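J.: Turn these sequences into a full structure, and let the hints guide you.
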Amino acid sequence: MDMLTVSDIQVAAPAIGGLQAAVGNTPLLPLERIGADLPAGVQVFAKAEWFNPGGSIKDRPALSILRAALAEGALAGGKRLLDSTSGNMGISYATFGAALGVPVTLALPAIASPERISILRALGAELILTDPLEGSDGAILVARRLAAEHPERYYYARQYENPANWQAHYLTTGPEIVQQTGGCVTHFVAGLGTTGTLTGVGRYLKAYNPHIQLAAVQPDGPFHGLEGLKHLPTALKPGIFDETIPDRTLEVSTEEAYAMVRRLARQEGLFVGISAGAAAVAALKLAQELESGLVVTVFPDAGYKYLSDKDLWQAD
Amino acid sequence: MPTLRVPTPLRAYTAGQSELALQGQTVAELMDDLLLQYPALKPHLVNDQGSLRPFVNLFLGEENVKDLQGLQTPLKTDDRVLLIPSIAGG
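Those protein sequences? They're chains P and E, same order as listed.
By my numbering, the letter at position 107 of the first sequence is numbered 113, and the numbering carries on one by one without gaps.
By my numbering, the letter at position 2 of the second sequence is numbered 51, and the numbering carries on one by one without gaps.
Check the hints yourself; a few may be wrong.
[Unchecked claim] Okay, the calculated bits of chain P under chain E, using three or more residues with CB under 8 Å as the criterion:
#1 72-81
#2 210-218
#3 246-255
#4 288-301
[Said to hold, decoys possible] Some residues of chain P that are not near chain E, with every Cβ distance over 12 Å (derived):
#5 V48
#6 P67
#7 V108
#8 R127
#9 A153
#10 P157
#11 E158
#12 L238
#13 E274
Because the hints were derived from the structure by calculation, they are not lab data.
Note that the structure is predicted; figures quoted are calculated from it, not measured.
Idealized CB from N, CA, C, for every residue including glycine.
T.: So this is what it looks like as C-alpha cells:
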C-alpha cells in the first residue's frame with residue numbers, strides 16, 4: 007500500500023486579510039431535487055450568501071460602505087456609523103465595525119426578532135428600537151432625524167441611498183455569478199429590499215451580456231411576512247433603485263414563501279431564511295416558463311434568525 | 050371598548066386611521082368587528098378559509114397573543130391590541 011507523505015498533502019494556505027477577506031466567493035448551489043420537474047435544459051442555482059462571515063449577503067454592502075467611509079475620512083474623530091436596519095445589515099455593520107474599530111448605532115423596529123436583537127447586542131452595537139407599527143420606514147425616519155440633529159456624532163451610512171451598496175454587488179456578486187456559471191447565466195432573480203443586489207448584479211450582468219434577463223421579487227401586497235423584502239409601491243422608495251433595471255417583477259405571497267422555506271430545508275437540506283424562500287418561489291416560477299436556460303437567484307441568509315417564528319416551521 | 054392600533058401599510062384601508070375602537074371580549078371578536086367595519090382589510094389579514102394569515106401578529110402589551118390564548122385571549126375594555134407588520138428592507 008502506498009503511504010502518503012507530508013509533501014503529498016496539499017495544505018490550504020492560511021487565510022490572510024482577516025475577516026474582510028472571507029466576504030464573498032460564496033458557493034453557487036444547484037436546486038436539484040426541488041427543480042427536478044423543470045424542463046430538460048433548465049437549471050436553477052442559488053448563491054448561498056449565509057456563507058459570509060456575518061451570516062448574510064449584507065456583509066458585501068456593509069463592508070463596501072465602511073471602506074468608502076473610511077477612505078473619505080467620514081468616520082474621523084470617533085464618529086459612530088449610524089443607519090436603520092431590519093437586522094442583517096446591522097449585524098454586518100456591527101461585525102466589521104468591531105473588526106475595524108468603528109462604533110455602530112442602529113435604528114431598528116422593536117419587533118425585530120429576539121435572535122437579531124441578541125446578536126446585535128452581542129456584537130456591541132448601540133440599538134435604538136423604533137415604533138413597531140411604523141415598520142422599517144419608521145426606523146429610516148428615526149435614523150434621518152438623529153443624523154440631522156447630531157451631525158458631529160454620527161456618520162449616516164444611508165444604505166438605501168449609498169452607491170457603495172450596489173457597487174459591492176457590481177464588483178463582487180455579479181462577477182462571481184458569471185465566473186461560477188462559466189458565463190452561461192441567462193436569468194437573474196433577486197428580492198427587493200434596499201434593491202442593492204438587483205441594481206448592482208443587474209448592471210454587471212447587463213454590461214456582460216445585455217440578453218441576460220433580470221427579474222425583481224417583491225411581496226404581493228403592502229402587509230406581508232416576507233421579512234427583508236419591500237413592497238415598493240407602498241414603501242419609501244430606495245434612492246439607489248433604478249426601476250429601468252428589472253425586465254420584470256414577480257410577486258410572491260407570504261404563504262408560498264413559507265412553504266418553500268420548509269421544502270428547501272426538508273428536500274434540499276438548505277436551512278434558509280424567508281427572503282430565500284421567496285426568491286426560490288420566483289426563480290422556479292420563471293424557470294417553468296423556459297425551454298432552456300440557467301437561472302441564478304440569491305439566498306440572502308440562513309434560517310437561524312427565524313426559529314422563533316413558530317408558524318414558519320410548524321406547518322405541513 | 051378595546052382599541053386596535055393599525056400599522057402604516059394598512060391605514061390605506063382604514064381611512065387613514067391609526068387607532069380604532071372596536072367591539073369584542075376576545076381577540077377573535079375584535080378581529081371580527083374590524084373586518085365587518087373595514088372589509089377591504091380582509092384579503093390582507095385572512096385566507097380563503099377565513100383564518101388569520103400566518104404572519105399576522107397581534108400583540109397585547111408586550112405579548113404576542115399566539116403565546117397567550119391565541120384568538121381566544123380575553124380582552125378588557127381598556128386593552129390596546131397592536132397589529133404588527135413584518136420588517137422590510139435591509
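J.: Now look at each hint and say whether the structure bears it out.
T.: Status of the hints after comparison with the structure:
1. 72-81: Coverage by chain E is violated for the region 72-81 of chain P (0 residues, Cβ < 8 Å).
2. 210-218: With 0 residues close enough to chain E, the hint is violated.
3. 246-255: Result for this restraint: violated, n = 0.
4. 288-301: violated (count 0)
5. V48: Nearest chain E Cβ is 30 Å from P/V48, so the label holds.
6. P67: Non-interface label fails for P/P67: nearest chain E Cβ at 8 Å, not farther than 12 Å.
7. V108: holds, 18 Å
8. R127: The assertion about P/R127 holds, with a minimum of 17 Å to chain E.
9. A153: holds, 17 Å
10. P157: holds, 23 Å
11. E158: holds, 26 Å
12. L238: violated, 10 Å
13. E274: Label holds. Min Cβ-Cβ 22 Å, cutoff 12 Å.
In this structure, the hints that do not hold are numbers 1, 2, 3, 4, 6, 12, in rising order.
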